[in-house]
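Q: Sequence:
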Amino acid sequence: MVQSSARALAGPAASEHRAPRSCCRRQRSPEQSREAAMEGVSSHRTLSYSRWSYDSVLDDEGSNLRQQKLDRQRALLEQKQKKKRQEPLMVQANADGRPRSRRARQSEEQAPLVESYLSSSGSTSYQGVSGSMSFEEEEEEEENSSSSSQLNSNTRPSSATSRKSVREAASAPSPTAPEPSVDVEVQDLEEFALRPAPQGITIKCRITRDKKGMDRGMYPTYFLHLDREDGKKVFLLAGRKRKKSKTSNYLISVDPTDLSRGGDSYIGKLRSNLMGTKFTVYDNGVNPQKASSSTLESGTLRQELAAVCYETNVLGFKGPRKMSVIVPGMTMVHERVSIRPRNEHETLLARWQNKNTESIIELQNKTPVWNDDTQSYVLNFHGRVTQASVKNFQIIHGNDPDYIVMQFGRVAEDVFTMDYNYPLCALQAFAIALSSFDSKLACE
212 MVQSSARALA
222 GPAASEHRAP
232 RSCCRRQRSP
242 EQSREAAMEG
252 VSSHRTLSYS
262 RWSYDSVLDD
272 EGSNLRQQKL
282 DRQRALLEQK
292 QKKKRQEPLM
302 VQANADGRPR
312 SRRARQSEEQ
322 APLVESYLSS
332 SGSTSYQGVS
342 GSMSFEEEEE
352 EEENSSSSSQ
362 LNSNTRPSSA
372 TSRKSVREAA
382 SAPSPTAPEP
392 SVDVEVQDLE
402 EFALRPAPQG
412 ITIKCRITRD
422 KKGMDRGMYP
432 TYFLHLDRED
442 GKKVFLLAGR
452 KRKKSKTSNY
462 LISVDPTDLS
472 RGGDSYIGKL
482 RSNLMGTKFT
492 VYDNGVNPQK
502 ASSSTLESGT
512 LRQELAAVCY
522 ETNVLGFKGP
532 RKMSVIVPGM
542 TMVHERVSIR
552 PRNEHETLLA
562 RWQNKNTESI
572 IELQNKTPVW
582 NDDTQSYVLN
592 FHGRVTQASV
602 KNFQIIHGND
612 PDYIVMQFGR
622 VAEDVFTMDY
632 NYPLCALQAF
642 AIALSSFDSK
652 LACE
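If you count by our numbering, then the sequence shown holds residues 212 to 655, one letter each, in order.
The hints are simulated quantities; they were obtained by calculation from the structure and are not laboratory data.
Cβ coordinates follow ideal geometry from the N, Cα and C atoms, glycine included.
Hints should not be assumed to be uniformly reliable.
[Stated by the list, open to error] Within a straight-line C-alpha distance of at most 16 angstroms, the following computed EDC-like cross-link-like pairs (lysine to aspartate or glutamate) qualify:
#1 K501 to E522
#2 K602 to D625
#3 K444 to E396
#4 K443 to D394
#5 K457 to D421
#6 K443 to E401
#7 K489 to D649
#8 K452 to E573
#9 K415 to D441
#10 K577 to E522
#11 K602 to E522
#12 K489 to D421
#13 K489 to D466
#14 K422 to D625
#15 K533 to E573
#16 K415 to D394
#17 K452 to E440
#18 K422 to D649
#19 K423 to E573
#20 K455 to D426
#21 K452 to D421
#22 K457 to D649
[As the list claims (entries may be wrong)] What follows is a set of in silico ranges between Cβ atoms, one per label pair, in the way DEER data are often shown:
#23 D394 to D466: 34 to 40 angstroms
#24 T468 to Q279: 47 to 53 angstroms
#25 Q398 to R420: 26 to 32 angstroms
#26 G496 to Q586: 43 to 49 angstroms
#27 G474 to V580: 40 to 46 angstroms
All chains should be built: construct the whole structure from the sequences, respecting the hints.
A: Next comes the structure, spelled out in structure tokens:
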């Protein structure tokens, strides 16, 4: 009761005491309320704008950093490509290459590439077993028709072994023009792969490197196709490096799905030495070290179809690769001489090293020319090679450097062109190209 009375007595007094305070509050006019509301909105907009500006600055800085990173990567890539193009090892196609006139050569005795042989037409004789690659021409009554036939049928101009004079040889049309290419019939793959190219006709092919798969980065598969005039491609050969071999060993098959040593499609192989500087091309015959006496007498021993020797770079000087190619000679009926060595002293490499050039042909790569404008070595591939690569090369004979026996070069990352002429066959040319793919630590 006392507490409630106290509250009752304190209530009016307290209300009387608070009344003046409430009466003393200043009332805002409508204009002031609107201004306060506008200030609140303005402050909120200012805060939102500042946050947006901050986020925008961060985005700009992030995009600038990304752009700078991309610019640096692009600059490094361009610098790397420029350095690669200037690398002396690279051989580029000479876009401005023009056919050069043949230099007059002094008449001298040279071993013919094949024995003198008169064709059935009576207009052209060919020379061959171990010397000049040139084809000797008969004298014709009309020199104009002779010159035009040289251009149209691609008959080789005379060399020092020809009966024509040195003056006529020097004035003959340049043979560096592209060889004519016609569609050849491929009925039996194995027979075609071992048959020498027809004389005067270039066989144009394309090699594709397949790196896809679990282990194809280390052991890619290579496919050889014939380029036809209508743009279609005809499969010829496939090759792949064998695993678990002491030396580089490539199996070559006429079946792209069967690259086994014991398969029916096995046609030959390419084998290197321990250093990777010397290669030998075999057919599918029997190894003489594993052959029985009856096998030795039956004539089924393996043939050596070619040997490739890369010059070692022991001093570390950089430059284009230097290679020599040794192939069996040709008979006077344009068939390959059979080389079936029974020991190491009868091999193509042994004959070449011992200067025993009987029944063999020695070829070498054409020396590239240094171009001051591009700061690189160049060769004239007549448009068949478009990218610089250390693998680009042309094979010639020393007595006739204008006759391109074979040329090989890059046109894309994993695509290469391969053209070959007489006396090479598809298997020989493909194996020579495969040797170029193999790593050569002693040569680079």
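Q: State for each hint whether it applies.
A: Each hint tested on the structure:
1. K501 to E522: violated (31 angstroms)
2. K602 to D625: With Cα atoms ~12 angstroms apart, K602 and D625 stay inside 16 angstroms; holds.
3. K444 to E396: Holds, at about 12 angstroms.
4. K443 to D394: Distance of about 11 angstroms is within 16 angstroms: holds.
5. K457 to D421: violated (23 angstroms)
6. K443 to E401: violated (20 angstroms)
7. K489 to D649: Cα-Cα ~11 angstroms, so holds.
8. K452 to E573: Violated, because 26 angstroms separates the two Cα atoms, which is more than 16 angstroms.
9. K415 to D441: Given that 16 angstroms is the threshold and the Cα spacing comes to 13 angstroms, the pair holds.
10. K577 to E522: holds (14 angstroms)
11. K602 to E522: holds (14 angstroms)
12. K489 to D421: violated (25 angstroms)
13. K489 to D466: violated (27 angstroms)
14. K422 to D625: Roughly 9 angstroms separates the two Cα atoms, so the pair holds.
15. K533 to E573: holds (14 angstroms)
16. K415 to D394: Distance ~9 angstroms between K415 and D394 Cα, so the pair holds.
17. K452 to E440: Given that 16 angstroms is the threshold and the Cα spacing comes to 31 angstroms, the pair is violated.
18. K422 to D649: holds (14 angstroms)
19. K423 to E573: violated (37 angstroms)
20. K455 to D426: holds (13 angstroms)
21. K452 to D421: Distance of about 12 angstroms is within 16 angstroms: holds.
22. K457 to D649: Holds, at about 14 angstroms.
23. D394 to D466: 34 to 40 angstroms: Cβ of D394 to Cβ of D466: about 23 angstroms, so the range 34 to 40 angstroms is violated.
24. T468 to Q279: 47 to 53 angstroms: holds (50 angstroms)
25. Q398 to R420: 26 to 32 angstroms: With a Cβ separation near 27 angstroms, Q398 and R420 satisfy 26 to 32 angstroms, so the hint holds.
26. G496 to Q586: 43 to 49 angstroms: holds (48 angstroms)
27. G474 to V580: 40 to 46 angstroms: The hinted range 40 to 46 angstroms holds for G474 and V580, with Cβ atoms some 44 angstroms apart.
The structure fails to meet hints 1, 5, 6, 8, 12, 13, 17, 19 and 23 from the earlier list, while all remaining hints are met.
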